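Enquirer: Whole structure, please, built from the sequences with the hints as guidance.
The chain contents come next:
Protein chains: 6
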Amino acid sequence: MDEPVVYLSGRMVPASQASVKIYDGGIVLGATTTECTRTFKHKLYRLEDHVARLYRSLKYMRLDIKMSQEDMMHVSEEVRERNVKLLKPEEDLGLIHFVTPGEFKVYAGSAAGGPPPAPTVCVHTFPMPFYVWADYFRTGAHCWTPSIRHIPPQCIDPKMKYRSRMHYFLADGETHAADPKAVTLLLDLDGNITETSGANFLIAKDGAVLSPTTRNILPGVSRQVVIEMCADLGIPFIERDLQVHDVVNADEALLSTTPYCLAPVTKINGIPIGKGAPGLMFKRLIERWSQLAGLDIVAQIMNSKP
Amino acid sequence: MDEPVVYLSGRMVPASQASVKIYDGGIVLGATTTECTRTFKHKLYRLEDHVARLYRSLKYMRLDIKMSQEDMMHVSEEVRERNVKLLKPEEDLGLIHFVTPGEFKVYAGSAAGGPPPAPTVCVHTFPMPFYVWADYFRTGAHCWTPSIRHIPPQCIDPKMKYRSRMHYFLADGETHAADPKAVTLLLDLDGNITETSGANFLIAKDGAVLSPTTRNILPGVSRQVVIEMCADLGIPFIERDLQVHDVVNADEALLSTTPYCLAPVTKINGIPIGKGAPGLMFKRLIERWSQLAGLDIVAQIMNSKP
Amino acid sequence: MDEPVVYLSGRMVPASQASVKIYDGGIVLGATTTECTRTFKHKLYRLEDHVARLYRSLKYMRLDIKMSQEDMMHVSEEVRERNVKLLKPEEDLGLIHFVTPGEFKVYAGSAAGGPPPAPTVCVHTFPMPFYVWADYFRTGAHCWTPSIRHIPPQCIDPKMKYRSRMHYFLADGETHAADPKAVTLLLDLDGNITETSGANFLIAKDGAVLSPTTRNILPGVSRQVVIEMCADLGIPFIERDLQVHDVVNADEALLSTTPYCLAPVTKINGIPIGKGAPGLMFKRLIERWSQLAGLDIVAQIMNSKP
Amino acid sequence: MDEPVVYLSGRMVPASQASVKIYDGGIVLGATTTECTRTFKHKLYRLEDHVARLYRSLKYMRLDIKMSQEDMMHVSEEVRERNVKLLKPEEDLGLIHFVTPGEFKVYAGSAAGGPPPAPTVCVHTFPMPFYVWADYFRTGAHCWTPSIRHIPPQCIDPKMKYRSRMHYFLADGETHAADPKAVTLLLDLDGNITETSGANFLIAKDGAVLSPTTRNILPGVSRQVVIEMCADLGIPFIERDLQVHDVVNADEALLSTTPYCLAPVTKINGIPIGKGAPGLMFKRLIERWSQLAGLDIVAQIMNSKP
Amino acid sequence: MDEPVVYLSGRMVPASQASVKIYDGGIVLGATTTECTRTFKHKLYRLEDHVARLYRSLKYMRLDIKMSQEDMMHVSEEVRERNVKLLKPEEDLGLIHFVTPGEFKVYAGSAAGGPPPAPTVCVHTFPMPFYVWADYFRTGAHCWTPSIRHIPPQCIDPKMKYRSRMHYFLADGETHAADPKAVTLLLDLDGNITETSGANFLIAKDGAVLSPTTRNILPGVSRQVVIEMCADLGIPFIERDLQVHDVVNADEALLSTTPYCLAPVTKINGIPIGKGAPGLMFKRLIERWSQLAGLDIVAQIMNSKP
Amino acid sequence: MDEPVVYLSGRMVPASQASVKIYDGGIVLGATTTECTRTFKHKLYRLEDHVARLYRSLKYMRLDIKMSQEDMMHVSEEVRERNVKLLKPEEDLGLIHFVTPGEFKVYAGSAAGGPPPAPTVCVHTFPMPFYVWADYFRTGAHCWTPSIRHIPPQCIDPKMKYRSRMHYFLADGETHAADPKAVTLLLDLDGNITETSGANFLIAKDGAVLSPTTRNILPGVSRQVVIEMCADLGIPFIERDLQVHDVVNADEALLSTTPYCLAPVTKINGIPIGKGAPGLMFKRLIERWSQLAGLDIVAQIMNSKP
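Protein chains in written order, with this note's numbering: chain R, 22 to 327; chain L, 22 to 327; chain E, 22 to 327; chain Y, 22 to 327; chain Z, 22 to 327; chain W, 22 to 327.
Please note: incorrect hints may appear among the correct ones.
Computed list of lysine-lysine pairs in BS3-like fashion (alpha-carbon distance at most 27 Å, straight line) [unchecked claim]: (1) 87(L) with 202(R); (2) 202(E) with 126(E); (3) 80(W) with 80(R); (4) 202(Y) with 126(E).
Each pair of labels, with its calculated beta carbon distance range [said to hold, decoys possible]: (5) 291(R) with 33(Y): 33 to 41 Å; (6) 108(Y) with 291(R): 28 to 36 Å; (7) 38(Z) with 63(W): 33 to 41 Å; (8) 131(Z) with 156(W): 12 to 20 Å; (9) 136(R) with 139(Z): 42 to 50 Å; (10) 160(E) with 304(Z): 50 to 58 Å; (11) 131(Y) with 130(L): 25 to 33 Å; (12) 89(W) with 324(Y): 37 to 45 Å.
The set of hints was computed from the structure by calculation and includes no laboratory data. Note that the structure is predicted; figures quoted are calculated from it, not measured. Where a beta carbon is used, it is the ideal one built from N, C-alpha and C, also for glycine.
Expert: As structure tokens, this is what we get:
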């Protein structure tokens, strides 16, 4: 087969046929939990951490998918193994897990009884489109805080990675009306910095790295890598409530996320951060990360082509 | 064809083949807006109101689906017309509209450029499973207020009907741990009554009908029917912030929603409301509605079988 | 004298010499209350209402300026009378009152005792620069809701017109980074619409005019004119909490304020409101107002030149 | 010249002539940022820290004053140098920086175009009226928490030192109605301790110094001195949310601020704190500070006369 | 018997022996609901309304006291009948109902099982000490808003009359430190006016009576009398969120409560309201009430002696 | 005497006669502060800490009970000494302190003047009904988070142990409607975990013990024992805001409280925590505590009989 495979509720199917019924709870309720892992040189990075978080989310959702974490890792490796064969050597994969509550029986016409629906479980991949993020590494990203606020933990806890993201979609609409290339950075209901729709947000100030608290954010696996690298390098990593004023007056700001690991943020709401260019903390951390990953992360991104 | 048709982004497809790609924004972001209309005696009820609200939601989402409200009504009528042929005379249809932002290009492998994704537009139906709700009409529903709160309007405005409903899924988990048959009634961040996952919530007290304000709820089409029936019948309809204490001490409580129009709520958090049985305001309104609809709504539900 | 006069704490001084010490509480604390009245055909419009509100603010501030409302009106008329002589017939004046707590004694070097400082009281005018607002009447204003929120009433009550407006200055910075011509429309801490830095905000929907509640806004004198005109014209005027969704889906939106009375708002956060052009409610009200004022308000603005 | 000089937007003027136009943004909007530095033995203390914070505030305000931090320090030193000559040896100066957005063009009659207004930049001094605070050192200050709350950071971030202080003026009115000599200590919207209008607030408990978090307060330069002295003396300095209950049951409470460095607070809302008298932590810190400053801070204050 | 009787859980006991065990839930938890009714000319006023509210509170508490509303009214009348015999003709009684959850079994040593505790039900009276409130009728009451806030309805709904009043006790401590004779008026968490510890709070403005909404207050029986009198007299009665600014600038303010019916408030936080003296709205309403009650309410209070 | 004694406002009385007047502020206002100490082998444990906290609460309440901490300890020991004589060797006592504001003079008929009421001070004991909690040690407790929220510190500070607990009573009603054996765990207004009505709540995760911050909880004496044992055993003890998601995904959860010291929590809202059984951290800590207490805490509980 010359197309990727997708694991879908027990079967391996060709990517072009990977779809879910319009009655699936993922479509009807958006009540989906997900993970995004990537490969470095075609090997999955920290898969175990991602799968563990997936199962924490499933427990919080009270969903039993009748599949152990070990099985999930085997399936993930199998999907990876089959799909990396389609890659060039310099390419890498993103690997997505998602689980939905399964068939919404009223819409599906199956409300008359029978067993409760089985969750939909999917593992799929995509070739990393690094070129999409290359500008972040040239000039830095521009973060924008729209008027829309992040959903508070007493509604949906951000410690689970979920796909009910209408608020992000609405917020992006506002952000892109201000700057079509800007990245939405949501504030919480009290005006504290939280996260972007695809990344954790960090600042560097006076030699330390500062992060919002886990009350308001996904405890990201890439963020965890930053924490561990900081420990190795003797850089203090501090969690506390941060406001826009902290970002405006930071030395640097950073996005950490699975696809591109770590990127510099050089503007917030149109105001340059620090010198308005990628800074030394970014360089120090990304070099370390490249060592850990065994490839030059920035070069891979900058050399990537559509 | 002996199966229903589904309108899906420009094509009529058999229901058994109606699915969306796993890369669709409806799956990836849950950023879907929707409507639910029903038929009475195989005719769509207030379709125009539902389509108008759909377009208000689309405007709020900044989505242009390149399709006029008139076209959407024609498509809806066509889907209905083809699908009611599969019904028995005493049955009726639910008709769903949903729109997603379309392909999520990074996951789909199409991030390299090209035009922005076209929204996914779907119109489908389902035979009304009235038997599912029959108990509400026998003994009344039991509403439960879990600890999880409704998403506030500064995150996602409930005046749009959206499918980012992880909070409802989580809240239902909590509710059903208390009573597997109970209906989740979410409070807002200030402890005011809002709505259930599928219906508007109303109370009757001293001859009037009271409703939460539109700050916290979908301004439901069925709720609008109640407003109009109240005007006709000389019953005051009052909007104000309501708390659980108001419900506990109401004469009656009601759910209004497209599928079953209006149902009595006879318990909240285990406490009987009024006499703990369907009351006179419910009877007066449902009889009026049956007149308007041209069929006995309660009888249709009670006679329905799986 | 060929320059305007300014009333400043008991004296009439030429405008070019009207200044306050750098130790004045108006500079040191921004603890200033103010009013803005205008003339129509060189006569002050609703001066009595503005002066009455000024004295309500002074009472709330516990400031006794040793001057009756009648005296304040006489002084205001005298300033107007002397300054309108410098106008062309088609021009009009804005007339500003402001009161500060007077000398901040520590900075002024007078902390050693003596009586408490006397408030600084000022009445000055400026020729109305109508051309500044002409675009609102051609294409409508664009309102933008930045991430910064309005100060809540338990900190500073917006029912007083005050000059501690750093939040507006910061919010304008954010708004103008999105669109240099946009007008800041602040949300409250709960995401409700409040007001702009210079005007009340209203929407028109289904033949009614809707306004935020007075909890969150200045009860503007021009807004009061709108209320009275609505009563005369049989247009319902409704106060309730409004959100951005209401504005996006309104038929029209409006700004009411002393300098230009009433202007159409045709976009919010980049989304057109109604047809995206000045609408019928605006026209109906501004025509009525022109009758009341005895001049064509729109023509005066459109014909104005720098 | 036998009067102090004031630096005002590029010129040195005699203090008696230092004033700003009534059209200045400092008067019209209160949108002013400021700093307060003092001398010890006629030398400026930590000027660099104050100027650095001023520029952080200006960056947050998006104001470019066309003047480097170095130039600002030179100007400050020049103003100091000229004005200390008027002092007695035992006296000291306060030195104020403030920056406003400059002319408010509509009121100034300059709205017709031209360049945007240049900010107003001012550096002035005042002889320290130490006798004003002498009672704090005799009996301790009395702090009062009025019903008015501090402005939250999502409206104006307290990490900038700003002059939109109507809330403090209103709060002082309430405080002084309870006790004319009491000092206002504002709570935040959640009831946490913040700061007074002129000082940071600290408590001592079980050998440690505790402070509110920087979310709610100015990160004061004098507070920074306390942090550094605590580090030197082996006293833990802890930041966390504090409530009135913590203050009532503290061993001691303290005010830290530029003019008088550190003062004991011995009562809150009429309840004695600790023994109701200046305590050991105060003594230990003020002695240390006196060493650092090279003069006896308390003696200077107690010997000061009007 | 020459002392009053008290109804206590099924028995009539002499007042001097009316006590509850230290293990009673009323003492241990403060989880007590209560009512206060009074007599006019020795007849109970609106007893039915008070008993009905008591049973609404009991329902909200899920307490079944095995006693009908009719029985409760009979018992109340019996207590009244026996106790009014001890009064002088010009005196009147207050009649208190309270219900606690009964014995707290762990403390009582009865935790080993047995039936759940029976609620403690008490009806007692006290001679009205009108002289205590006489000053309100001479000079008006002084209301003070302390920094402590009212308990929000999502914790304890104020629509029930409850005795968990530590917040009022603490707030009174703060108020009385400011003015020993002032009456505490609590704000809610958003800074809106709520109620005093013993009365509803109302203002009069421009010929109307305004009240906070029932979200934040007990819907008082005396307040209901005001509503009915306003309806009779053609005075608009308006419910909406009120802030301190509204009170400062009201024409009059009022307390309504069972013991003294209606009293003028003439100061708030030290600021005179209106003319700082009892006003016309007060006089109009108290005269009407005196007619309804069949005695001169103010005279009875002013003539009362300790 | 063969019954326990109770210290009541200066007198020792037999327990069967220990009661308070129905006019006592403890009954009328619930404005009572309290402590609960226990014995191990008939000796009071950490009495000094409990008495110190009682006096911190009294100071916050501005109540002067004319009795030193030393006297209170003597009285406590005397009550203990007399009452332990009635115990079997394997039994232990709980010892309660409570203080109320004393007579509520209006209801008591003593409003005519005289001195302010003397506080009611009570010290009593009860034999520990360990069997009541035995199930916690067999299967673990089930915690439930109802929709009712904890009272925030700006209303009543939870750092004092108070008896205005209507919110707990109402919350228990909701919890017990879900599961009659579940323990109420209240969330704060922001959805953070606080405490149960009788215990502090802790979780164990990755070898550390985590606790909510003292903003939201009683700083329990038993919790302090846990802190000290953690320090001894090298277990990190971390304070931060926790949410239900943290509990669902904790390794273990624990209740700490005077009567039974430490108990495992094995379910929250119906979801098992960790392995759903008492865990290793619990065992390690309770063994340590048993060493400190000099008896096997679990055995004492498990062997206890009604």
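Enquirer: Does each hint fit the structure? Answer for all of them.
Expert: Okay, the hints, checked on the actual structure:
For a cut-off of 27 Å, the pair hint linking residue 87(L) to residue 202(R) stands: about 24 Å separates their Cα positions. Restraint check for residue 202(E) and residue 126(E): not satisfied, since their Cα atoms lie roughly 41 Å apart, outside the 27 Å limit. Restraint check for residue 80(W) and residue 80(R): not satisfied, since their Cα atoms lie roughly 46 Å apart, outside the 27 Å limit. Note on residue 202(Y) and residue 126(E): the hinted pairing holds, with a Cα-Cα distance of about 16 Å set against a maximum of 27 Å.
Judged by the Cβ atoms, the range 33 to 41 Å given for residue 291(R) and residue 33(Y) holds: they are separated by roughly 35 Å. In this structure, residue 108(Y) and residue 291(R) break the distance hint of 28 to 36 Å, their C-beta atoms being roughly 45 Å apart. A beta carbon spacing of about 35 Å between residue 38(Z) and residue 63(W) agrees with the range 33 to 41 Å that was offered as a hint. Checked against the hint of 12 to 20 Å, the pair residue 131(Z) and residue 156(W) passes, with Cβ atoms roughly 19 Å apart.
Between residue 136(R) and residue 139(Z) the beta carbons are some 47 Å apart, a value that agrees with the proposed interval 42 to 50 Å. Between residue 160(E) and residue 304(Z) the C-beta distance comes to about 56 Å, which sits within the given range of 50 to 58 Å. The beta-carbon spacing between residue 131(Y) and residue 130(L), approximately 57 Å, falls outside the hinted interval of 25 to 33 Å. Under the hint 37 to 45 Å, the C-beta atoms of residue 89(W) and residue 324(Y), about 40 Å apart, fit the expected range.
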